[in-house]
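Novice: Residues per chain, in single letters:
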Amino acid sequence: MRVDVLLFGPIAQRAGRASVPVEVAEDGATLAHVRAELNRIEPELARDLASCRLAVNHAFAGENTQIQTGDEIAVIGFVSGG
Amino acid sequence: MRVDVLLFGPIAQRAGRASVPVEVAEDGATLAHVRAELNRIEPELARDLASCRLAVNHAFAGENTQIQTGDEIAVIGFVSGG
Amino acid sequence: MQSLSVSIVDAPLAANTATRSLAGAGAVVVFDGVVRSLEGARSITGLRYETYDPMAQHVLTALAQEALDKFGLMEIHVEHSRGLVAAGECSFRLRIASPHRREALDAMDWFIDRMKQDAPIWKTPEFSTDGDAPPPANPVQPEPEAKVPS
Amino acid sequence: MQSLSVSIVDAPLAANTATRSLAGAGAVVVFDGVVRSLEGARSITGLRYETYDPMAQHVLTALAQEALDKFGLMEIHVEHSRGLVAAGECSFRLRIASPHRREALDAMDWFIDRMKQDAPIWKTPEFSTDGDAPPPANPVQPEPEAKVPS
Chain G
1 MRVDVLLFGP IAQRAGRASV PVEVAEDGAT LAHVRAELNR IEPELARDLA SCRLAVNHAF
61 AGENTQIQTG DEIAVIGFVS GG
Chain V
1001 MRVDVLLFGP IAQRAGRASV PVEVAEDGAT LAHVRAELNR IEPELARDLA SCRLAVNHAF
1061 AGENTQIQTG DEIAVIGFVS GG
Chain F
2001 MQSLSVSIVD APLAANTATR SLAGAGAVVV FDGVVRSLEG ARSITGLRYE TYDPMAQHVL
2061 TALAQEALDK FGLMEIHVEH SRGLVAAGEC SFRLRIASPH RREALDAMDW FIDRMKQDAP
2121 IWKTPEFSTD GDAPPPANPV QPEPEAKVPS
Chain E
3001 MQSLSVSIVD APLAANTATR SLAGAGAVVV FDGVVRSLEG ARSITGLRYE TYDPMAQHVL
3061 TALAQEALDK FGLMEIHVEH SRGLVAAGEC SFRLRIASPH RREALDAMDW FIDRMKQDAP
3121 IWKTPEFSTD GDAPPPANPV QPEPEAKVPS
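Protein chains in written order, with the numbering used here: chain G, 1 to 82; chain V, 1001 to 1082; chain F, 2001 to 2150; chain E, 3001 to 3150.
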């Protein structure tokens, strides 16, 4: 299945886009698979991505989180609110 | 010389007055002498007075502070601002 | 560039109408101390504040100046009530502006502690007495309050 | 009785017009984060805030609820800007009411720390460029500012 991974802030600026389409297995795909695909598609971001957290459906999620069709996945790099 | 020692808050309520006239020597009188006279004049306040600070001319002052004619002396008990 | 003021004013403090802070302030913190309607287990109508005015002004100004210097603040403004302040009204306001958050919050803590130790201000609760006033229009109104402002 | 709100709003936050707090609050503290006009050594016209809105709302609401419970607060109200906020304008406001001072100040510190770690909000400085705007009317005006709000 295809998931569009959302990018924000400096990561989005460096990637030059606000989302990256990623293909993962329909069954049993986890956030770790999404991260591996992201690193493959955007190798020049790999170093930055290593320190980013991932969020699924608006909450931070661990690497073992199972991904389902329609999940909203986002890369949350170093934030700077306030 | 005579100095009027100002009282406030609970101490004034207990004394039933807002100032106590105190006689001390014209020369060489210190805050310690003022305190001793206060204790003599208001013996029922002596226990409370022991934990009070004294102020001279709107600043806290030590017991050795020399007193001059016209000084404004006040007993500052437990305060409760805010 | 620093700004300091200390005001001791009759009765409750009006709502905060602070104007814009000095250029360069990254944090502006306003603390309002509000009179609570219970003193221990007893309901109070308010607190009556007695101030030894020239000394209170002197002590608060000295503390404000010390806070400006010690914490590198840009602004410190102090207001304190004298006289009766009804429950729910503001009796003390401290406004601090500083380059960053840390200094403002630390200074606020420090100033309030020192004020409570040294400023010659006293408060006396005014207790509600039966028949003194009509009962509240809406007696269902919950009132989970405890003591006086801290 | 507790009160909680989180608002992410376009552009700068208007001046604080908070209404009266819940009965029983003894301390009401309002923190304003203001955009500073220097970013490092460079003058900026403002900060542009990007928010990942549904998640920012979710994270800030969860933190606000945690603060209410953890510190026994009565009120917590959070406002954060999205979009451009000019130097000198407010981009973040936190209003906390609690029975006593200690909880309000501790909760303020805790909330801001956690927000800065977890809320998906990013800021980008907008630098002044020569010729972009006329020079200030009064060039003598000192500007001792440093970085962005903290």
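It is worth saying that the hints were derived from the structure and are not from the lab.
Predicted, not measured: the structure shown is a model, and the values here were computed from it.
Each residue gets a CB set at the ideal place from its N, CA and C atoms; glycine is no exception.
It is possible that some hints are incorrect.
Cβ-to-Cβ under 8 Å is the rule here; a few derived chain V residues that face chain F [unchecked claim]:
#1 I1076
#2 S1080
#3 G1081
Between beta-carbon pairs, the in silico distance windows are [unchecked claim]:
#4 V:R1053 to F:R2102: 26 to 34 Å
#5 V:R1017 to F:D2010: 17 to 25 Å
#6 F:E2066 to V:G1070: 37 to 45 Å
#7 V:Q1068 to F:E2066: 21 to 29 Å
#8 V:E1044 to E:Q3065: 52 to 60 Å
#9 F:F2127 to V:A1018: 16 to 24 Å
#10 E:A3086 to G:F60: 26 to 34 Å
#11 F:W2110 to G:T69: 24 to 32 Å
#12 V:E1072 to F:D2069: 24 to 32 Å
#13 F:G2072 to G:S51: 27 to 35 Å
#14 F:Q2065 to G:D48: 43 to 51 Å
#15 G:F60 to F:F2127: 45 to 53 Å
#16 V:P1010 to E:D3010: 53 to 61 Å
#17 G:R47 to E:D3113: 35 to 43 Å
Straight-line Cα separation of at most 20 Å, EDC-like style, residue types lysine to aspartate or glutamate; simulated pairs [to be verified]:
#18 F:K2116 to E:D3106
#19 F:K2116 to V:D1048
#20 E:K3116 to G:D48
#21 E:K3070 to E:D3118
#22 E:K3116 to F:E2039
#23 F:K2116 to F:D2106
#24 E:K3070 to E:D3010
#25 F:K2116 to F:E2039
#26 E:K3116 to E:D3053
Novice: Are the hints correct? Go through all of them and say.
Specialist: Verification of the supplied hints:
no., hint, result
1, I1076, "holds, 5 Å"
2, S1080, "holds, 5 Å"
3, G1081, "holds, 3 Å"
4, V:R1053 to F:R2102: 26 to 34 Å, "holds, 32 Å"
5, V:R1017 to F:D2010: 17 to 25 Å, "holds, 24 Å"
6, F:E2066 to V:G1070: 37 to 45 Å, "violated, 28 Å"
7, V:Q1068 to F:E2066: 21 to 29 Å, "holds, 27 Å"
8, V:E1044 to E:Q3065: 52 to 60 Å, "holds, 54 Å"
9, F:F2127 to V:A1018: 16 to 24 Å, "holds, 23 Å"
10, E:A3086 to G:F60: 26 to 34 Å, "holds, 32 Å"
11, F:W2110 to G:T69: 24 to 32 Å, "violated, 56 Å"
12, V:E1072 to F:D2069: 24 to 32 Å, "holds, 27 Å"
13, F:G2072 to G:S51: 27 to 35 Å, "holds, 32 Å"
14, F:Q2065 to G:D48: 43 to 51 Å, "holds, 47 Å"
15, G:F60 to F:F2127: 45 to 53 Å, "holds, 52 Å"
16, V:P1010 to E:D3010: 53 to 61 Å, "holds, 54 Å"
17, G:R47 to E:D3113: 35 to 43 Å, "violated, 26 Å"
18, F:K2116 to E:D3106, "holds, 19 Å"
19, F:K2116 to V:D1048, "holds, 19 Å"
20, E:K3116 to G:D48, "holds, 19 Å"
21, E:K3070 to E:D3118, "holds, 18 Å"
22, E:K3116 to F:E2039, "violated, 38 Å"
23, F:K2116 to F:D2106, "holds, 16 Å"
24, E:K3070 to E:D3010, "violated, 30 Å"
25, F:K2116 to F:E2039, "holds, 18 Å"
26, E:K3116 to E:D3053, "holds, 15 Å"
Checked against the numbered hints above, the structure breaks hints 6, 11, 17, 22, 24 and satisfies the rest.
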